[in-house]
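Going down the list, the sequences are from chains B and L.
Residues in the first sequence are numbered from 311 upward in steps of one, following our numbering.
Residues in the second sequence are numbered from 311 upward in steps of one, following our numbering.
Note that these hints are calculated values from the structure, not bench results.
One or more of the hints may lead you astray.
For identical chains, the list gives no copy identity; a pair is met inside one copy or between any two copies.
[Stated by the list, open to error] The calculated lysine to aspartate or glutamate pairs, modelled on DMTMM-like cross-linking and capped at a C-alpha distance of 20 Å, are:
no., residue 1, residue 2
1, Lys645, Asp773
2, Lys517, Glu441
3, Lys750, Asp773
4, Lys693, Glu801
All values reported here derive from a predicted model rather than from experimental measurement.
Number of protein chains: 2
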Amino acid sequence: MEQTVIERWGVLELSLPGKTEGNPFTDYTILGRFEGRHEDVMVSGFYDGGGIWKIRFMPSWPGEYRYTVFGSFSDRETSGAFRVREASGRNHGPVRTAGQFHFAYADGTPFYPMGTTCYVWTQQPDERIEETLRSLKEARFNKIRFCILPKHYDYNLGEPRTYPFEGAPMDSSVLTKDNFWNYDGKSEGNRFDLTRLNPSHFQHLEKCILSLQSLGIEADLIVMHPYDRWGFSCMPREADNLYWNYVIARFSAFRNVWWSLANEYDLLKDKTAEDWEHYAQLLLQNDPYGHLRSIHNCVPFYDHTRPWITHCSIQRQELYRGAELTNEWREQFGKPVVLDEIAYEGDIQHGWGNITGEELIRRFWEGAVRGGYPGHGETFLNKEGILWWSHGGKLRGESWKRIGFLLDVLRDVPGHGLKYLPAEWDSVCGIPEDTELARKTGYRLYYYSFMRPSFREFHQNDDTLYRAEIIDTWNMTITDAGVHRGRFRVELPARPYMAVRLIRA
Amino acid sequence: MEQTVIERWGVLELSLPGKTEGNPFTDYTILGRFEGRHEDVMVSGFYDGGGIWKIRFMPSWPGEYRYTVFGSFSDRETSGAFRVREASGRNHGPVRTAGQFHFAYADGTPFYPMGTTCYVWTQQPDERIEETLRSLKEARFNKIRFCILPKHYDYNLGEPRTYPFEGAPMDSSVLTKDNFWNYDGKSEGNRFDLTRLNPSHFQHLEKCILSLQSLGIEADLIVMHPYDRWGFSCMPREADNLYWNYVIARFSAFRNVWWSLANEYDLLKDKTAEDWEHYAQLLLQNDPYGHLRSIHNCVPFYDHTRPWITHCSIQRQELYRGAELTNEWREQFGKPVVLDEIAYEGDIQHGWGNITGEELIRRFWEGAVRGGYPGHGETFLNKEGILWWSHGGKLRGESWKRIGFLLDVLRDVPGHGLKYLPAEWDSVCGIPEDTELARKTGYRLYYYSFMRPSFREFHQNDDTLYRAEIIDTWNMTITDAGVHRGRFRVELPARPYMAVRLIRA
Numbered sequence: 311m312e313q314t315v316i317e318r319w320g321v322l323e324l325s326l327p328g329k330t331e332g333n334p335f336t337d338y339t340i341l342g343r344f345e346g347r348h349e350d351v352m353v354s355g356f357y358d359g360g361g362i363w364k365i366r367f368m369p370s371w372p373g374e375y376r377y378t379v380f381g382s383f384s385d386r387e388t389s390g391a392f393r394v395r396e397a398s399g400r401n402h403g404p405v406r407t408a409g410q411f412h413f414a415y416a417d418g419t420p421f422y423p424m425g426t427t428c429y430v431w432t433q434q435p436d437e438r439i440e441e442t443l444r445s446l447k448e449a450r451f452n453k454i455r456f457c458i459l460p461k462h463y464d465y466n467l468g469e470p471r472t473y474p475f476e477g478a479p480m481d482s483s484v485l486t487k488d489n490f491w492n493y494d495g496k497s498e499g500n501r502f503d504l505t506r507l508n509p510s511h512f513q514h515l516e517k518c519i520l521s522l523q524s525l526g527i528e529a530d531l532i533v534m535h536p537y538d539r540w541g542f543s544c545m546p547r548e549a550d551n552l553y554w555n556y557v558i559a560r561f562s563a564f565r566n567v568w569w570s571l572a573n574e575y576d577l578l579k580d581k582t583a584e585d586w587e588h589y590a591q592l593l594l595q596n597d598p599y600g601h602l603r604s605i606h607n608c609v610p611f612y613d614h615t616r617p618w619i620t621h622c623s624i625q626r627q628e629l630y631r632g633a634e635l636t637n638e639w640r641e642q643f644g645k646p647v648v649l650d651e652i653a654y655e656g657d658i659q660h661g662w663g664n665i666t667g668e669e670l671i672r673r674f675w676e677g678a679v680r681g682g683y684p685g686h687g688e689t690f691l692n693k694e695g696i697l698w699w700s701h702g703g704k705l706r707g708e709s710w711k712r713i714g715f716l717l718d719v720l721r722d723v724p725g726h727g728l729k730y731l732p733a734e735w736d737s738v739c740g741i742p743e744d745t746e747l748a749r750k751t752g753y754r755l756y757y758y759s760f761m762r763p764s765f766r767e768f769h770q771n772d773d774t775l776y777r778a779e780i781i782d783t784w785n786m787t788i789t790d791a792g793v794h795r796g797r798f799r800v801e802l803p804a805r806p807y808m809a810v811r812l813i814r815a
Numbered sequence: 311m312e313q314t315v316i317e318r319w320g321v322l323e324l325s326l327p328g329k330t331e332g333n334p335f336t337d338y339t340i341l342g343r344f345e346g347r348h349e350d351v352m353v354s355g356f357y358d359g360g361g362i363w364k365i366r367f368m369p370s371w372p373g374e375y376r377y378t379v380f381g382s383f384s385d386r387e388t389s390g391a392f393r394v395r396e397a398s399g400r401n402h403g404p405v406r407t408a409g410q411f412h413f414a415y416a417d418g419t420p421f422y423p424m425g426t427t428c429y430v431w432t433q434q435p436d437e438r439i440e441e442t443l444r445s446l447k448e449a450r451f452n453k454i455r456f457c458i459l460p461k462h463y464d465y466n467l468g469e470p471r472t473y474p475f476e477g478a479p480m481d482s483s484v485l486t487k488d489n490f491w492n493y494d495g496k497s498e499g500n501r502f503d504l505t506r507l508n509p510s511h512f513q514h515l516e517k518c519i520l521s522l523q524s525l526g527i528e529a530d531l532i533v534m535h536p537y538d539r540w541g542f543s544c545m546p547r548e549a550d551n552l553y554w555n556y557v558i559a560r561f562s563a564f565r566n567v568w569w570s571l572a573n574e575y576d577l578l579k580d581k582t583a584e585d586w587e588h589y590a591q592l593l594l595q596n597d598p599y600g601h602l603r604s605i606h607n608c609v610p611f612y613d614h615t616r617p618w619i620t621h622c623s624i625q626r627q628e629l630y631r632g633a634e635l636t637n638e639w640r641e642q643f644g645k646p647v648v649l650d651e652i653a654y655e656g657d658i659q660h661g662w663g664n665i666t667g668e669e670l671i672r673r674f675w676e677g678a679v680r681g682g683y684p685g686h687g688e689t690f691l692n693k694e695g696i697l698w699w700s701h702g703g704k705l706r707g708e709s710w711k712r713i714g715f716l717l718d719v720l721r722d723v724p725g726h727g728l729k730y731l732p733a734e735w736d737s738v739c740g741i742p743e744d745t746e747l748a749r750k751t752g753y754r755l756y757y758y759s760f761m762r763p764s765f766r767e768f769h770q771n772d773d774t775l776y777r778a779e780i781i782d783t784w785n786m787t788i789t790d791a792g793v794h795r796g797r798f799r800v801e802l803p804a805r806p807y808m809a810v811r812l813i814r815a
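Just chain B, same shape as in the assembly (with noise of 0.2 Å):
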C-alpha cells in the first residue's frame, strides 16, 4: 500500500462512513489525534452530509505521523499514518505575528498584508467568483477580508447561495432599497433549523479559501457579522456554539486561514463582551493551529490588549484622520495594527465608501509608513449593482494598481517593517522596525502626504554618504536624485503623494 504524502502545513483529510441517525450536528463526536516526533495534537471532525464525517489535519512538522480517529459517530476506531515533507512553492505556513508589530510565516517568510475586503464574494455566481480571484491576483492583494454569513445591507438585498443552517428564509420580495433597514436578524418568516448545519454552504466556501490559498492569499473569515436578516446574528448560546466548532472543525486546517470573530462587533446587540470572550474561548480551545484572531469594531475599539487578541483590526473613528493614528495605536495596543476599514474608494452616498483612489492611497502609505498595515475597498456604483466591497468582480477604481507597488517598497526595508520615527512635522518618517539596522544601514522613508514640497532639505549628519531615491508614490516611481553627504537638498516635483527614500551608499 503506497503511503500518503503531504506537504508540511498541507491538509491530511479523512472522510469516513459514519451515523446518521437522530441529528449528526449535534449527538455525536468525532476527534482526531494525530502524532508526529515534534506535535501531537487533537482535533474534532465534523459531519459533512451524505452519511461523510471528515476530520483534518495540518502538521506543523515534517516526518512521520500516526493518527486515530474515534467518537460516538462510528463504531470503530480508524487509524493510520503519513509522512510530511517539506514545504514547497508558495507553502510558507499560515502567517503569525513576527517580533512584536509585523507579521511572518511559519516558516519566517516576512509578510506584509496588503488587504481587501469582499464580504460576500463568495455567495455570487461561479463566473463571478472566478472573476474576483483574477481581480485579486492582478492587483496583488494578498489578503482579503469576507463573511461565513449571508450579508443584508444596502446594496446587498438578494438571497445567498447557501444558508449555513437548514431551512428557509423570509421572503425577500418585499424588501426594498429604502425599508430594508426595518429588517433585522429578528425578522419574521425565518424557517431555520439552529441544529442542523448545512454542508454544502462550507463546502463551497472551503473551495473559495483553497483557492485564494492557491494565489498566496490569506483568508481573513469573518465568523460573525451584524448585517442580517435571517436570524444568525442573534442565535442563543448553543447554535453560537454549534456554528462556531463547526467553523473551527471546517476551516483550522487551512494554513491561510485568519479568524475575525466579528466585523463590527459592537453593532452585535444581542452579544456581549461576555460572548465575545467565548468565542475566543472556543478558539484557543479547538484551534490548535493558533491561527490569527481579531475583532472589528464600528466605532468603540474592542480592548485591542486581550490576551487573545493577535493584532488589532482597526476601523477609524474618525472622518478625518484615520491611518494617521497608526502610531498611536501601535503604542496603545502594543500589536500589529492592520487597517481593516479606511473608507473605500468609490462614489456611493456613505461617507466610507466614496473617497479618490488618491485619497485612499494617501491612506495606505500614511498608514504603511508608520508600520501598520491598511486595507483596501472598493465601492463604485454601477448598473449591474456589482460593488467589489461586497460581491467581488471586476475592480473598477484607481488605487488598487498602487498596492502592488507599496509592497514591493515594503519588502525593500531593511529588515522586516517599519516603525514611525517622530521627527519633523510636516513628514512622515518611517525607518526600519530593527533600531539597529535603522542605525545601521540609515534607511529613511519621508512621506509628504497631501503636501507638496518642490524640494527638501536633509542633514542626518557630516559623514555618512546617502543615496537618496524619490518615490511617486501614485504615478508608481523611484527615481535616483543622487549620493549626497552632509547637509543637502532633494528637488521635488511639487507634487502630492511624494515620498523621499534615504540608505547609506
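Please build the complex by placing chain L on the supplied structure of chain B, with the hints as guidance.
Positioned in the frame of chain B, the structure of chain L alone reads:
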C-alpha cells in the same frame, strides 16, 4: 471760515507745530479731547517728525463736535469745532463682533471675514504695493494680516524700506538661506535708538492702511512677531511702551484697523503672559474705539477666553485637522473663530506652505460651514523670490479665485452667519446661527469635503417643500436640483468638494 465736515467713522486729523527740543518721542505729551452729543473722548497724539505734532480722532456719531488739544508739546491749547455727517459709500464703520460668533460693521452690516496674509507687503517697492492692492481687489479679500515691524525669515532676508526706530541695522550681507536661523533679535551690530521712533516708517504704513480702507479691506495689524534680527522682538518694557503707544496713537483712528497683538506669540521667548496682558491693557486704555483684538499662536493657543480678546485668531495645531475643529473652538472659547493659518497654497519646502488650492478651498469650506472664518495665503517658489505670503504681488494659485464665491454663499445665508449642526457623520452641516431663522427657513448647507457621493438622500420632514441646490465649491456653480417633499434624493456628480443647499420653497 468754512466748517470742517468729515464722515462718521472718518478721521479728523490735526497737525500742529510743537516743541522738538530734547526727544519729542519721550519728553512731551499731546492729548486731545473730542466732545460730541453722544461721546466725549480723550486721545493721545504723536510726534510726526519735522516739528509737526498730530492728533487723530474717529467720530462714532454724526453731529457737531468740539475739541481741545493740549499737553507739554506746546505752550498753548488748540480748540475748534467740526461737523460729522453720516457715512457714505462703503464706509460702514469699524468691524465689531456681532452676536457671539460673527462680525458686523458698526452700522450693523454683516461682515464675513475672507482674509489673506502678506506679512510685509508694505515694506516692498511701490510698484509691488500697487500690484498687491490690485490682487486683493480682484480676489475680493476683505481682510489682510500684516506686520508693522520688519521680518527676518526664510525668503525674507532683505532689508525693509524703513525701520520703526532711528538707527542702523546689522550688516545683512552675512546672511544666507542656511545661516539666517542663527540670527535673532539679540544679534550684534544693530544700532537702533529705542527712544526715537522713525515717523516715515509709520507714515508709509498709514498710506497702506488707507489704500486698503478705500478698497473695503480690513487691516489686521500684527504689532509684534518673533521673526526678527534687529531687536524689535525683545525690547525693554520702556521701548515696548513707546512703540505700542505710538502705534495706538497713530492708527486707532482708522476704522479698518484690527489689532493682532502678535503673530506666533509663543515664539517671542522673551515675552511672558504678563507682557501680553500689559500690551492688551495699553490697547484697552489708549484705543478709545475698541478695535478688534486677537493674538495668534504657533503651537499653544493663548487663553482666548481672556476678556480683552474679541475673537480667536487661530493657527491650526495639527497637520491633519484644522478648520475641521472650528466648531470645537467655538464651543471652547465662546467667541468668533478666525482661522488665520490653516496652511498656505504653494510649493515651498515647509509643510505650512505647500498645500494644493483644492485642499485650501476644502479647508475654507470646512471652517465656513461650521461658522468660522478661514484665511488664505500663498507660498509659490519663483525666480523673483516674491511670495504672496510675505511680499504680496501677484496671486499665482487657484484658491484665491474661489474666495468671492464662498463669500457670496455666506451672504446668502438667512440672518447672519452659520453654525454647525451635528447631523450626519459623513457630511458637515451648517445652519443659520439664529435658531428661529434656521427653523423658519429650513436652510441647510451640507458640505461633502473630500468625499464624492454620486447622490445623497434627504428627509427633513414629511410636509415641507424644500428647494435643493447643488453647489460645486471648486467650479463655483450653483445648480437647481428641484423642489421636494418628504424623502428625496439629489443626484451629485461623484466629484469631491460638492455641497447641497436646502431651503424652504
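Verification of the supplied hints:
no.	hint	verdict
1	Lys645 to Asp773	neither (36 Å within a copy, 53 Å between copies)
2	Lys517 to Glu441	within (15 Å within a copy, 71 Å between copies)
3	Lys750 to Asp773	within (14 Å within a copy, 71 Å between copies)
4	Lys693 to Glu801	between (45 Å within a copy, 15 Å between copies)
In summary, the one numbered hint that this structure violates is 1.
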